[in-house]
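Using the sequences and the hints, build the whole thing.
2 protein chains.
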Amino acid sequence: MTSVKPTLHTALSPALLQLYNVSNSIVVIIDVLRATSTIATVLHNGAKCIIPVDSVAECIRIGKQIEGITAGERDGHVAEGLSYGNSPFEYPREFVSGKTLVLTTTNGTKLLHMALDKGAKKIITGSFVNLSAVCNYLIEKKRPVILGCAAWKDRVNIEDTLFAGAVISRIKDHFDINCDASQIAATMYADAKDDLYEFLKNKEASHYHRLTEYGLEKDIRYCLSEDTANVLCVYDGGKLTAAKPRAL
Amino acid sequence: MTSVKPTLHTALSPALLQLYNVSNSIVVIIDVLRATSTIATVLHNGAKCIIPVDSVAECIRIGKQIEGITAGERDGHVAEGLSYGNSPFEYPREFVSGKTLVLTTTNGTKLLHMALDKGAKKIITGSFVNLSAVCNYLIEKKRPVILGCAAWKDRVNIEDTLFAGAVISRIKDHFDINCDASQIAATMYADAKDDLYEFLKNKEASHYHRLTEYGLEKDIRYCLSEDTANVLCVYDGGKLTAAKPRAL
Numbered sequence: 001m002t003s004v005k006p007t008l009h010t011a012l013s014p015a016l017l018q019l020y021n022v023s024n025s026i027v028v029i030i031d032v033l034r035a036t037s038t039i040a041t042v043l044h045n046g047a048k049c050i051i052p053v054d055s056v057a058e059c060i061r062i063g064k065q066i067e068g069i070t071a072g073e074r075d076g077h078v079a080e081g082l083s084y085g086n087s088p089f090e091y092p093r094e095f096v097s098g099k100t101l102v103l104t105t106t107n108g109t110k111l112l113h114m115a116l117d118k119g120a121k122k123i124i125t126g127s128f129v130n131l132s133a134v135c136n137y138l139i140e141k142k143r144p145v146i147l148g149c150a151a152w153k154d155r156v157n158i159e160d161t162l163f164a165g166a167v168i169s170r171i172k173d174h175f176d177i178n179c180d181a182s183q184i185a186a187t188m189y190a191d192a193k194d195d196l197y198e199f200l201k202n203k204e205a206s207h208y209h210r211l212t213e214y215g216l217e218k219d220i221r222y223c224l225s226e227d228t229a230n231v232l233c234v235y236d237g238g239k240l241t242a243a244k245p246r247a248l
Numbered sequence: 001m002t003s004v005k006p007t008l009h010t011a012l013s014p015a016l017l018q019l020y021n022v023s024n025s026i027v028v029i030i031d032v033l034r035a036t037s038t039i040a041t042v043l044h045n046g047a048k049c050i051i052p053v054d055s056v057a058e059c060i061r062i063g064k065q066i067e068g069i070t071a072g073e074r075d076g077h078v079a080e081g082l083s084y085g086n087s088p089f090e091y092p093r094e095f096v097s098g099k100t101l102v103l104t105t106t107n108g109t110k111l112l113h114m115a116l117d118k119g120a121k122k123i124i125t126g127s128f129v130n131l132s133a134v135c136n137y138l139i140e141k142k143r144p145v146i147l148g149c150a151a152w153k154d155r156v157n158i159e160d161t162l163f164a165g166a167v168i169s170r171i172k173d174h175f176d177i178n179c180d181a182s183q184i185a186a187t188m189y190a191d192a193k194d195d196l197y198e199f200l201k202n203k204e205a206s207h208y209h210r211l212t213e214y215g216l217e218k219d220i221r222y223c224l225s226e227d228t229a230n231v232l233c234v235y236d237g238g239k240l241t242a243a244k245p246r247a248l
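As they're listed, the protein sequences go chains A and B. All the letters of the first sequence, read from the start, carry residue numbers 1 to 248 under the numbering used here. All the letters of the second sequence, read from the start, carry residue numbers 1 to 248 under the numbering used here.
Derived by calculation from the structure, the hints in this document are not laboratory data. As the structure is a computational prediction, the values presented were derived from the model and not from experiment. Keep in mind that the hints are not guaranteed to be accurate.
To be verified - Keeping only pairs whose Cα atoms sit at most 30 angstroms apart, straight-line, the calculated DSS-like set for lysine-lysine is:
| hint | chain 1 | residue 1 | chain 2 | residue 2 |
| --- | --- | --- | --- | --- |
| 1 | B | LYS118 | A | LYS201 |
| 2 | A | LYS118 | B | LYS118 |
| 3 | B | LYS153 | B | LYS172 |
| 4 | A | LYS118 | A | LYS172 |
| 5 | B | LYS153 | A | LYS5 |
| 6 | B | LYS193 | B | LYS5 |
| 7 | B | LYS153 | A | LYS121 |
| 8 | A | LYS5 | A | LYS99 |
| 9 | A | LYS218 | A | LYS239 |
| 10 | A | LYS153 | B | LYS122 |
| 11 | A | LYS193 | B | LYS99 |
| 12 | A | LYS5 | B | LYS201 |
| 13 | B | LYS141 | B | LYS193 |
| 14 | A | LYS201 | B | LYS5 |
| 15 | B | LYS153 | B | LYS118 |
| 16 | A | LYS172 | B | LYS201 |
| 17 | A | LYS142 | B | LYS64 |
| 18 | B | LYS142 | A | LYS153 |
| 19 | A | LYS172 | B | LYS193 |
| 20 | A | LYS153 | B | LYS172 |
Said to hold, decoys possible - Which stretches of chain A does chain B cover? Using the computed rule of at least three CB atoms under 8 angstroms from a CB of chain B, they are:
| hint | segment |
| --- | --- |
| 21 | 6-18 |
| 22 | 127-135 |
| 23 | 157-168 |
| 24 | 177-190 |
The C-beta atom is built at its ideal place from N, Cα and C for all residues, glycine as well.
Structure (structure tokens):
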């Protein structure tokens, strides 16, 4: 008896998500610079949960209501009216442990809510900092997977594509991948993996430029570092919480 | 005085076209397997013009009206009610010279009409078979460019991405390229250029599989061959005609 492998697809932009069978799938929300890197870091550092919201107004409203930390950025800056931004370095353990964060970002939280609206079976978030936790979970679950890149205002970006490629390079033997976007992502990652930071720099990735203009090289290097905040970040009932990763 | 270079963007799928300033740009319609390869071939072989239409019904209607050759495919086969398909080998000079073709295809003609609806400044079609004609035209015109990949039912595909990369690799010095999708296309092409056919085969490109299942390896090899039908294919007033390419 041959076992049928589950499918894996990559949506390189939120505008392409609807092409795939979301309601049947685990959707991995990917927003490497910086939402999903920060999410993993905050949960790894012991926060109780993160409530991702679409708008700054809702972030403020819920933040007040639950006495949570309001956090989020628009175009790389702390959004007006919120207390903190989207840098993983703003959230050390001594600050976030046991707390609830209410988070809104330019692209990542938007895609998460799209996946939710389309009835995703399960939603998790991924970035290089929790790569192994994501891969182990997907292999274990044996369900169809959609790697959803948050991109930049629907424009395909290099760093999210690279993370999709990193996941694919690790788990491809467990999935049936008939998806050119996934092949593109895997090819890009194979080219880049020896030095992701240099690759982004050399390819003049638009987001690399945007963030370095704000002096955020350190953030970028952190967001590209593998397994430095290796928790599985699961969305359920309106919030993201950490689940213990399985050993490799 | 420094001269400002025009911008260049790549839309990896028709679903991403609206992210770019179409009305200000030359849009290159890219449908390597096989619409834009066949278009260049038909015009190179002396056809008077090609009328691209959205639907099979309209293809039949206009074909009758002007006594043109009705041509088109749906899912790789000659569409029902049309006389010819989408293979470049169906259109030798002795057949098409002086004739008018009415053409409908799964993805290519659809994207062309999208670009038209969005008020593109100029629309041309491109494939490897007329790569030089496309590149020379874009360099000469000094206007913003959008490389529009027809993809497969909005899903990003490898072969159209590779052609975008081929164009970029040739003309990048003449343009201001702040576009991750263009960087991805150029990276893919750099990886693939030594043997495009083997690359598609090794990457398990979905369209490669679709066409080889129909026994169309010969078509694929032709569609990837450089400058074998090197005419500039310009859309104007409802039809595509050949313009003489400039010498390199």
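Within 8 angstroms of chain B (C-beta), three or more residues of the segment 6-18 of chain A:
holds (count 4)
Would you check the hint for B:LYS153 and A:LYS5, treating anything up to 30 angstroms between C-alpha atoms as holding?
Roughly 24 angstroms separates the two Cα atoms, so the pair holds.
Within 8 angstroms of chain B's CB atoms, at least three CB atoms from the segment 157-168 of chain A: coverage verdict
n = 3 at 8 angstroms, threshold three: holds.
How does the segment 177-190 of chain A fare against chain B when you require at least three residues with a CB closer than 8 angstroms, holds or violated?
holds (count 9)
Against the 30 angstroms threshold, does the CA-CA distance of B:LYS141 and B:LYS193 hold or violate the hint?
holds, 26 angstroms
Are B:LYS153 and B:LYS172 close enough, with their CA atoms no more than 30 angstroms apart?
Given pair B:LYS153, B:LYS172 holds - Cα atoms ~28 angstroms apart, limit 30 angstroms.
Is the hinted pair B:LYS118 and A:LYS201 satisfied, with a Cα-Cα distance of at most 30 angstroms?
violated, 34 angstroms
A:LYS172 and B:LYS193: Cα distance at most 30 angstroms?
Given pair A:LYS172, B:LYS193 holds - Cα atoms ~25 angstroms apart, limit 30 angstroms.
Given the hint that A:LYS118 pairs with A:LYS172, test it: the Cα-Cα distance must not exceed 30 angstroms.
Between A:LYS118 and A:LYS172 the Cα gap is close to 25 angstroms, so the pair holds against 30 angstroms.
Hinted pair, alpha-carbon criterion (30 angstroms max): B:LYS142, A:LYS153. Please report holds or violated.
holds, 27 angstroms
Please verify whether B:LYS193 and B:LYS5 have alpha carbons no more than 30 angstroms apart.
holds, 26 angstroms
For the pair supplied as a hint, A:LYS153 and B:LYS122, is the alpha-carbon distance within the 30 angstroms limit?
holds, 26 angstroms
When the structure is compared with the earlier hints, violations turn up for hints 1, 8, 11, 17 and 22 and for no others.
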